[in-house]
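**Student:** Numbering (our numbering), first residue to last: 552 to 781.
Derived by calculation from the structure, the hints in this document are not laboratory data. This one's a predicted model, so the numbers in the text were calculated from it and none came from an experiment. Be a bit skeptical, because a hint or two may be false.
Said to hold, decoys possible - Computed Cβ-Cβ distance ranges for the label pairs, DEER-style: (1) Val778 with Ala757: 26 to 34 Å; (2) Ile750 with Glu727: 19 to 27 Å; (3) Leu641 with Gln712: 20 to 28 Å.
Ideal placement from N, C-alpha and C gives every residue a C-beta, glycine not left out.
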Amino acid sequence: MMGRKTPPAADAAACTLGASSQRSKSVMRLIPREERFFDLFVEDAANVLGAARLLEAMLKNYDAIERRAGELRDAEHRGDEISHDIGHRLEHTFITPFDREDIHALISGLDDVLDLIEEIADTFVLYRIEAPTPTAIQQASIVVNQCQLIHEALTHLRGFQGLDRYWIEIHRLENEGDQVVRGAIASLFENGADPLQVIKWKEVYALLESAVDKCEDVANTIERIVVKHA
Numbered sequence: 552m553m554g555r556k557t558p559p560a561a562d563a564a565a566c567t568l569g570a571s572s573q574r575s576k577s578v579m580r581l582i583p584r585e586e587r588f589f590d591l592f593v594e595d596a597a598n599v600l601g602a603a604r605l606l607e608a609m610l611k612n613y614d615a616i617e618r619r620a621g622e623l624r625d626a627e628h629r630g631d632e633i634s635h636d637i638g639h640r641l642e643h644t645f646i647t648p649f650d651r652e653d654i655h656a657l658i659s660g661l662d663d664v665l666d667l668i669e670e671i672a673d674t675f676v677l678y679r680i681e682a683p684t685p686t687a688i689q690q691a692s693i694v695v696n697q698c699q700l701i702h703e704a705l706t707h708l709r710g711f712q713g714l715d716r717y718w719i720e721i722h723r724l725e726n727e728g729d730q731v732v733r734g735a736i737a738s739l740f741e742n743g744a745d746p747l748q749v750i751k752w753k754e755v756y757a758l759l760e761s762a763v764d765k766c767e768d769v770a771n772t773i774e775r776i777v778v779k780h781a
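Construct the entire structure; sequences and hints are all you get.
**Tutor:** Laid out in structure tokens, this is it:
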């Protein structure tokens, strides 16, 4: 028994559907992505890097700390403005450079780093800390190095290639930061420090460690974006 023949009308419908699907894909390729997002990511990262450098300078020089803390608050406000700009564009953009949830994760991560940097500076002012420890300065420098790498990675994000060296180094710095903080906290108890000072410095070290960890979270987000689009 011969198989049933596909009616001519069905063949025509299938061809039309296939052609329509192909046209849709072609049209999607012709619609440009909103490239301004990449510029805003770099701008956001540059603002975070500037804040990290302000914190490092504040701890190294330790003068006019209230003024420097105020400058960091200004940087935090600027970061909010950039985040709002990115969020607004997300609401009004059809084709984004990569998945929307990854864009949200990226800007949220940068915001978290910036918020922690501001909180660290405010803690030094609030607790009236007389002078930063070498560990605090070292941790602040680690945050600067991580933020520098994040900024460089986002500068080259458009190509989605060759960025692994950035997140690898950020991870290495996070491990270094963990070791530095563990040693510093252990020394607080070994040296018989004043209990109030122990409480203050544990809080400061915890905030610095959180900033280092958040930088690693941003690196993980960048890695996820690159893996999806490489």
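**Student:** The structure should be examined with respect to each hint, and the outcome stated for every one.
**Tutor:** Here is what the structure says about each hint:
1. Val778 with Ala757: 26 to 34 Å: Holds, since Val778 and Ala757 (Cβ atoms, about 31 Å apart) stay within the stated range.
2. Ile750 with Glu727: 19 to 27 Å: About 25 Å separates the Cβ atoms of Ile750 and Glu727, which means 19 to 27 Å holds.
3. Leu641 with Gln712: 20 to 28 Å: Holds, at about 24 Å.
In summary, this structure violates none of the numbered hints.
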